[in-house]
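**Student:** Assemble the complex: chain A is given as a structure, and chain B must be docked to it using the hints.
Line by line, the protein sequences give chains A and B. Take the first sequence: its position 118, counted from the start at 1, is 118 in my numbering, and no numbers get skipped. To convert, take the position in the second sequence, counting from 1, and add 143; that gives my numbering.
Because the hints were derived from the structure by calculation, they are not lab data. Check the hints yourself; a few may be wrong.
Reference excerpt, derived from the structure (chain A facing chain B, CB under 7 Å, subset only) [as the list claims (entries may be wrong)]:
{"id": "1", "residue": "Thr41"}
{"id": "2", "residue": "Val86"}
{"id": "3", "residue": "Val89"}
{"id": "4", "residue": "Leu92"}
{"id": "5", "residue": "Phe94"}
{"id": "6", "residue": "Gly95"}
{"id": "7", "residue": "Leu97"}
{"id": "8", "residue": "Gly99"}
{"id": "9", "residue": "Ala103"}
{"id": "10", "residue": "Ser104"}
{"id": "11", "residue": "Ile107"}
{"id": "12", "residue": "Ile137"}
We treat Cβ as the ideally placed atom computed from N, Cα and C, and that holds for glycine.
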Amino acid sequence: MNLSRRQALALGGAAISTALIPVELALAGVEETQAAIDAFTGGAELLEGDITLTIPELVENGNMVPVSVAAPGALSIMLLGDDNPVPEVMTLNFGELAGSSEASVRIRLAGTQNVIAVAKMGDGSFISTAREVRVTIGGCGSN
Amino acid sequence: MAITPRVRVPDTASVGESVLIKALINHPMESGQRRDRDTGEKIPRMIVHTFEVTFNGKEVVTFYPQGAVSQSPFFEFYLKVPEAGELNFKWIDDEGSVFEISKPIAIS
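Same shape as in the complex, but just chain A (with noise of 0.2 Å):
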């Protein structure tokens, strides 16, 4: 195999950082975040629809990450980050005095990842919708 110098250099520096992650620090990743949402959802499957996550692209620092999450009609919604190293990040339920089927909270993330909103709706469907965040500083297992 010829590889010229900049090949070479590409592969070394790949190998290097994949060798540096250690075991423990894997995060969970797409299986348990699956998982995850099949609890909730109890294996249904997802649809699109009226689901809206509002959160930065970008944040700097992943302690405080401000998520607001509306979905018209929902009974119930879960948020999930799918590189946290637990991946459910909430589940709320709407009670019949709640005024509207969204709500606002502050969220860790420990780097960039999908934000996934995933909402069980008044005829038992499941609508979900996902986002990606940017992270400079991660948020979990930190400080």
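**Tutor:** This is chain B only, laid out in the frame that chain A set:
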């Protein structure tokens, strides 16, 4: 530092009005992911796992935070005011401590 909740609730509202409610509690929300700097041991999780809001005993909204909800958790949501009454806030943490506060709302 004592854990004390703070809430913002309008004094008056009209019947059927949807009003914005804000609630904050200065709870450490220890996520269970951090390690002690000296021993390397994981610091056990100690978060508010349930935050219930009721109005005259009827559910408004219930939050079930995990470790990824920030320190001093701050929540915003809407209440549909059906009548004059008492808005009750209740936070429960991993140590079993319960923090409660109530605010009256009159009909304008």
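**Student:** Evaluate each hint against the coordinates.
**Tutor:** Outcome of the hint check:
no., hint, result
1, Thr41, "16 Å, violated"
2, Val86, "6 Å, holds"
3, Val89, "4 Å, holds"
4, Leu92, "5 Å, holds"
5, Phe94, "6 Å, holds"
6, Gly95, "3 Å, holds"
7, Leu97, "5 Å, holds"
8, Gly99, "3 Å, holds"
9, Ala103, "4 Å, holds"
10, Ser104, "4 Å, holds"
11, Ile107, "5 Å, holds"
12, Ile137, "14 Å, violated"
Consistency note: the structure conflicts with the earlier hints numbered 1 and 12.
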